[in-house]
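A.B. asks: These are the residues of each chain, in order.
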Amino acid sequence: MDWDCTRTEERLSDALAEVLGSEEHAAFRAHTGECERCRQLVARVGGIVLELHELPWVEEPPFLASRIIALTRGMPQERSRKGWLAWSGAVWQTRLVMGLVTIAATALIVFHGVSAGAPGKLQFNPASLYHGVNRRAHLTYARGVKFVNDLRVVYEIQSRLSSQPEPAPPPTPEQRRPDSDALPKSETDPMAREGVVPNFTDLAVLMFPRWPQNLMDQTCRSLP
Amino acid sequence: MEPDAQLVRFCIRGDGPSWEELVRRHTRRVYNLCYRFTGNSAIAEDLSQEVFLRVYRTLPSYQSTQGAFATWLTSVTRNLLVDHYRRSRRDRLTDSIDSVPQLEQQPSPTRTPDRVAQAKELSAQVERGLAKLSPELREAVILRDLQGLDYAEIRSVLQVPEGTVKSRINRGRIELARILEEMGVGPA
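Taken in sequence, the protein lines are chains W and C. Residue numbers for the first sequence follow the working numbering, beginning at 1 and rising by one. Residue numbers for the second sequence follow the working numbering, beginning at 1 and rising by one.
Simulated from the structure, these hints should not be mistaken for lab results. Any given hint might turn out to be false.
Ranges of calculated distance between the beta carbons of each label pair, as one might list FRET restraints [unchecked claim]: (1) C/E136 <-> W/P61: 57 to 63 Å; (2) W/V19 <-> C/R9: 33 to 39 Å; (3) C/F10 <-> W/E36: 33 to 39 Å; (4) W/Q40 <-> C/D150: 37 to 43 Å; (5) C/A152 <-> W/G46: 19 to 25 Å; (6) W/P61 <-> C/D15: 22 to 28 Å; (7) W/P62 <-> C/A117: 20 to 26 Å; (8) C/R87 <-> W/G46: 24 to 30 Å; (9) W/P62 <-> C/Q6: 27 to 33 Å; (10) C/Y85 <-> W/P61: 20 to 26 Å; (11) W/G47 <-> C/R28: 23 to 29 Å.
Which stretches of chain W does chain C cover? Using the computed rule of at least three CB atoms under 8 Å from a CB of chain C, they are [as the list claims (entries may be wrong)]: (12) 40-46; (13) 52-66.
By construction, the Cβ of each residue, glycine as well, lies at the ideal position given by its N, Cα and C atoms.
Build the full structure now, drawing on both the sequences and the hints.
C.D. replies: Okay, here's the thing in structure tokens:
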């Protein structure tokens, strides 16, 4: 077996630990017997290793352990997540949260803004998406307006503002119906008075003069 | 004596005396590793405290099935030493190789006065030689020849293949022998 100085350096630790194979060991012994440089290297390194092994451990400063114990007293430990809970740490990573929010927002826009009755490619046409979202936004706004208008307080304010009826002249005896001491229905039931109940389409036209007529009609028809 | 893994389990449940036992049992090992690597007792003391603080916080992550507690502890210490080495790299780069700080004399275990003096001298010389080794060769030699870890444990600590471990130890020893020879230190 060929053995040179490079190989001696490469296998020096194995040679010192006496774990070389018999053939390798023989080649190693033969080479170091002839090569003065390798023989000195083996002697030097072998001696250093022995001295390293015999070096005593340095003593730690007194009270180091006590100081460490005092430092860690009352300190919280990190909880380890085991088993099926191990993945839960990932939920709190910013990237994942942002990704989930983006996906949720996209799904909301895409599926909420498209009418369910028009399946097919058209649903994902940007123009359709826009019209769907636009229509839904207007409907929502119109419903809101109607809800506000239907509130009793608003209704009463509107009714007082819209018409301040002239005080009616006292009814003549012939005008008075024999069976009624009460007021006429139009006066007891405010909903029955003409001109007091707001027409929603008219109100919407007044409030949104720039809306196209067809969109206005469509919006008003879709209201419950 | 309770095995380390048992003490760790008690510690995780909040048993203070078990943690104290673990600290007292391993302080010297950690301090020696830090001291041999840095060559400075004050830094080694600070690093030892830092190691145990980190160990205490992350104790629940230790799995006894993955290896001995001492190996895990050595691994944590080594990672912290690498962090420390990186932090102070700039300072070291500006230092000349000849201006390695004088290593302090440490008390050694009870021996005869002559032997104590020889050991102190040799220890100081070896530490000066170690300080001149590259960090990766230094840690390999320290773990093998001063801490007494076997190849598998060193592989686990350094997270490198066993062949690389052997190569680093071999090169580290040869380099250390060359450095000590240049310093005029020969084997006894």
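A.B. asks: Kindly indicate which numbered hints from before are broken by the structure, ordering the numbers from low to high.
C.D. replies: Going through the list in order, the structure violates hints 1, 3, 4 and 8 and respects the others.
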